[in-house]
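These protein sequence lines map, in sequence, to chains A and B. Counting from 128, one number per residue, gives the positions in the first sequence under this note's numbering. Counting from 111, one number per residue, gives the positions in the second sequence under this note's numbering.
I should point out that these hints are in silico values taken from the structure, not numbers from a laboratory. Every value quoted in this text rests on a predicted model; they were computed, and no experiment measured them. Warning: the hint list may mix true and false statements.
Each computed BS3-like pair below joins lysine-lysine, with the alpha-carbon atoms no more than 30 Å apart [said to hold, decoys possible]:
(1) B/Lys212 - A/Lys297
(2) A/Lys285 - B/Lys374
(3) B/Lys251 - B/Lys446
(4) B/Lys148 - B/Lys124
(5) B/Lys219 - B/Lys243
(6) A/Lys285 - B/Lys251
(7) A/Lys297 - A/Lys285
(8) B/Lys374 - B/Lys391
(9) B/Lys446 - A/Lys285
(10) A/Lys130 - B/Lys364
(11) A/Lys344 - A/Lys219
(12) B/Lys219 - A/Lys285
(13) A/Lys129 - B/Lys391
(14) B/Lys446 - B/Lys148
(15) B/Lys364 - B/Lys374
(16) B/Lys364 - B/Lys390
(17) A/Lys285 - B/Lys390
(18) A/Lys253 - A/Lys285
(19) B/Lys243 - B/Lys204
(20) A/Lys207 - A/Lys219
(21) B/Lys243 - A/Lys219
(22) A/Lys207 - B/Lys446
(23) A/Lys129 - A/Lys251
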Amino acid sequence: MKKYMIGRVIAACVALFLILTIAFMVVRLMPGSVYDDPNLAPEVVAMLEQQAHLDEPLLVQYAYFLKGVIFENDWGVSAKVEPGVPAFDILKRQIPYSLTINVGSLALALPIGIVAGTVAALHKNKAGDHVVSILVVLGISIPSFVFASCLQYFIAYKMGWFPIIFEPSKGTGMQIYSLMLPTIALSLSPIATIARYLRGELIEVLGSEFMVLARTKGLTQRQATIRHSFRNASLPLVNIVIPMFAHVLAGSMVIERIFSIPGVGGTLISSINTNDYSLAVATLIFYALISVLTSFVIDIVLGLIDPRVRLGGSSK
Amino acid sequence: MMTEKEIYDIPQEKFRFINLDDTLHDEKFSGEALGFFKDAWVRLRRNRVAILAMSMILFIVFMSIFAPMFSGYGYNDQNLNRLNMPPRVPGLEKIGIFDGSKTVNSVRKTSLSDPEKFPEGSVIEILREYTIKDVEMVDVKVNAYIYEGIGDEYFLMGTDYLGRDLWTRLWRGARISLIIAIVAVSANIFIGVVYGAVAGYYGGTTDIIMMRITEIIAAFPQVIVATLLILVLGTGIEAIILALVINGWIGTAKLVRGQFLRFKEREYVLAARTLGVPDKKLIFRHILPNSIGPVITRAMISVPNAIFSESFLAFIGLGLQAPEPSIGVLLSDAQKVLLTYPTQTLFPAILISVLLISFNLFGNGLRDAFDPTMRGTD
Numbered sequence: 128m129k130k131y132m133i134g135r136v137i138a139a140c141v142a143l144f145l146i147l148t149i150a151f152m153v154v155r156l157m158p159g160s161v162y163d164d165p166n167l168a169p170e171v172v173a174m175l176e177q178q179a180h181l182d183e184p185l186l187v188q189y190a191y192f193l194k195g196v197i198f199e200n201d202w203g204v205s206a207k208v209e210p211g212v213p214a215f216d217i218l219k220r221q222i223p224y225s226l227t228i229n230v231g232s233l234a235l236a237l238p239i240g241i242v243a244g245t246v247a248a249l250h251k252n253k254a255g256d257h258v259v260s261i262l263v264v265l266g267i268s269i270p271s272f273v274f275a276s277c278l279q280y281f282i283a284y285k286m287g288w289f290p291i292i293f294e295p296s297k298g299t300g301m302q303i304y305s306l307m308l309p310t311i312a313l314s315l316s317p318i319a320t321i322a323r324y325l326r327g328e329l330i331e332v333l334g335s336e337f338m339v340l341a342r343t344k345g346l347t348q349r350q351a352t353i354r355h356s357f358r359n360a361s362l363p364l365v366n367i368v369i370p371m372f373a374h375v376l377a378g379s380m381v382i383e384r385i386f387s388i389p390g391v392g393g394t395l396i397s398s399i400n401t402n403d404y405s406l407a408v409a410t411l412i413f414y415a416l417i418s419v420l421t422s423f424v425i426d427i428v429l430g431l432i433d434p435r436v437r438l439g440g441s442s443k
Numbered sequence: 111m112m113t114e115k116e117i118y119d120i121p122q123e124k125f126r127f128i129n130l131d132d133t134l135h136d137e138k139f140s141g142e143a144l145g146f147f148k149d150a151w152v153r154l155r156r157n158r159v160a161i162l163a164m165s166m167i168l169f170i171v172f173m174s175i176f177a178p179m180f181s182g183y184g185y186n187d188q189n190l191n192r193l194n195m196p197p198r199v200p201g202l203e204k205i206g207i208f209d210g211s212k213t214v215n216s217v218r219k220t221s222l223s224d225p226e227k228f229p230e231g232s233v234i235e236i237l238r239e240y241t242i243k244d245v246e247m248v249d250v251k252v253n254a255y256i257y258e259g260i261g262d263e264y265f266l267m268g269t270d271y272l273g274r275d276l277w278t279r280l281w282r283g284a285r286i287s288l289i290i291a292i293v294a295v296s297a298n299i300f301i302g303v304v305y306g307a308v309a310g311y312y313g314g315t316t317d318i319i320m321m322r323i324t325e326i327i328a329a330f331p332q333v334i335v336a337t338l339l340i341l342v343l344g345t346g347i348e349a350i351i352l353a354l355v356i357n358g359w360i361g362t363a364k365l366v367r368g369q370f371l372r373f374k375e376r377e378y379v380l381a382a383r384t385l386g387v388p389d390k391k392l393i394f395r396h397i398l399p400n401s402i403g404p405v406i407t408r409a410m411i412s413v414p415n416a417i418f419s420e421s422f423l424a425f426i427g428l429g430l431q432a433p434e435p436s437i438g439v440l441l442s443d444a445q446k447v448l449l450t451y452p453t454q455t456l457f458p459a460i461l462i463s464v465l466l467i468s469f470n471l472f473g474n475g476l477r478d479a480f481d482p483t484m485r486g487t488d
């Protein structure tokens, strides 16, 4: 297990380093400069560029960048989006908003998805199952931004039950209240995925022999389901719930835009559109970090659950 | 005893047929043998949902090819006299849906009788009357087409912020979204099949190296890769397709590799190899057809994902270059005016939802048809 974990840590570090390098190179090689404002005198531009080491060869810039990131937690300074503010501080301010709606939507999706999946499996091929199946197809097919637009128009604008966009100024309660619609919009696809997956797993487990045994020894169907099949069916859920986190985070970029939430997604978009190198690289790395972390966590959890994985079963 | 030579030299006349007059007790095959695809088609045809989904897809494809040609408007015909027109559909307008009406708020009541401002027949209904500082004001529902002086035009889905016909743009957008999705998925499937086949067939070190490479590529989150790529290449169709391909093929490669690992040790492969069949033929003629069902199913399921990704990129500002529409670009533009002109969001939203639902349902149907043991597992 130790050897397996060390291997995974090294793999995650290598992936992160590669992403760091590629993101840096790509963003720096993009046409256009941060300081291509025609109102600035050439000397000023030269000075600014010198300050940001932009006049040095690319490799030297890269060395500066790595040194800053690794040793000084210095991710560079935003040049356009919020001039003069360290990229790290901008992200630090925005990450809570992004995380709130992401974690919130998963927290909402898990119980609902599990209940829906269980209902469908227990009522296989009956009305309950069919209703869940239809909802699952809708949830999986319809993009979250379509849901978001619908909720925003009907629930927030027509009904007036929720704020239309994020309300930053009226205290924490109001902030959370205005984050509820985006959270719901984001949670629909995970709900459908979890329900579909759990239904499949449960049906398989419910048909297995130890369930017959459990019933023979006198448990009711309900007891047997909860004690025996449920545990077996929910272990593989780990497989889909953890990667969902990275997936939802990407999806939230659009949702953040629709509901004007000051999250990381909006920063990525505006920093790319304004050639704000440092901020763009920092944001990209944030996303990459989350993604690499989730796949690392999956590997570890699967290794813990299933010995075959960590012993390196090459063929499946 | 015969010697070896005698055995070889038995003359022809000594052979005679036996059993010629016996009756055979085998049953004759009744009906004709079904091929793989025919068999699947028979099963698919019985699945009403899948057939409905398939018809829906064909309808959308048909419309996306022909609707822009016959709409009478170009997808980029801008006209500042007809900005953000509401939809008006012949026939339906008589029963009050999509009748080209819009609400004009806060106008002086006296101006209603001024034909300069409100041409004859433009006012449909007075919604609210009130007075502000002794001036009688009204909110009125007007026929926007007469009100704006456009007259007898019909924009089935209205126009956008540049006065472009949204019906034409929607179907042209659907066309481009479908092209992007289909090209990207075909490329993914092609690369994935070849890559997975080679890795799975040769196994050993080749397999380990090839699978390590996919692991490294898969470690890059798709959004990040797509963002970086489009930043470098600019926002063209090619860049978007490439962004969808660059790590989209890995799933197919893994699927095909798995199938190869399952089938390459089978006796029939051994038999073929004993007969001297070359590797290339073994891979593509003998083993690959086993995975054709799952691969086609996967392709069908990947199409909606590609359409979704394209819209997603459009939403975060990495969509196609204007003025070319795609469903994502339309949705993204419409989102900005959602609260004032909801119909601009409505139609693209319905289209993308129907398209994605249809592809998913059809994909499920195909999977059941190719592999009936998977039925109901969803």
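Going through the hints against the structure:
no. : hint                : in the structure
1   : B/Lys212 - A/Lys297 : violated, 34 Å
2   : A/Lys285 - B/Lys374 : violated, 61 Å
3   : B/Lys251 - B/Lys446 : holds, 23 Å
4   : B/Lys148 - B/Lys124 : violated, 48 Å
5   : B/Lys219 - B/Lys243 : holds, 13 Å
6   : A/Lys285 - B/Lys251 : holds, 18 Å
7   : A/Lys297 - A/Lys285 : holds, 22 Å
8   : B/Lys374 - B/Lys391 : holds, 13 Å
9   : B/Lys446 - A/Lys285 : holds, 17 Å
10  : A/Lys130 - B/Lys364 : holds, 25 Å
11  : A/Lys344 - A/Lys219 : violated, 56 Å
12  : B/Lys219 - A/Lys285 : holds, 27 Å
13  : A/Lys129 - B/Lys391 : violated, 44 Å
14  : B/Lys446 - B/Lys148 : violated, 49 Å
15  : B/Lys364 - B/Lys374 : holds, 15 Å
16  : B/Lys364 - B/Lys390 : holds, 19 Å
17  : A/Lys285 - B/Lys390 : violated, 63 Å
18  : A/Lys253 - A/Lys285 : violated, 36 Å
19  : B/Lys243 - B/Lys204 : violated, 38 Å
20  : A/Lys207 - A/Lys219 : holds, 18 Å
21  : B/Lys243 - A/Lys219 : violated, 51 Å
22  : A/Lys207 - B/Lys446 : holds, 23 Å
23  : A/Lys129 - A/Lys251 : violated, 43 Å
In this structure, the hints that do not hold are numbers 1, 2, 4, 11, 13, 14, 17, 18, 19, 21, 23, in rising order.
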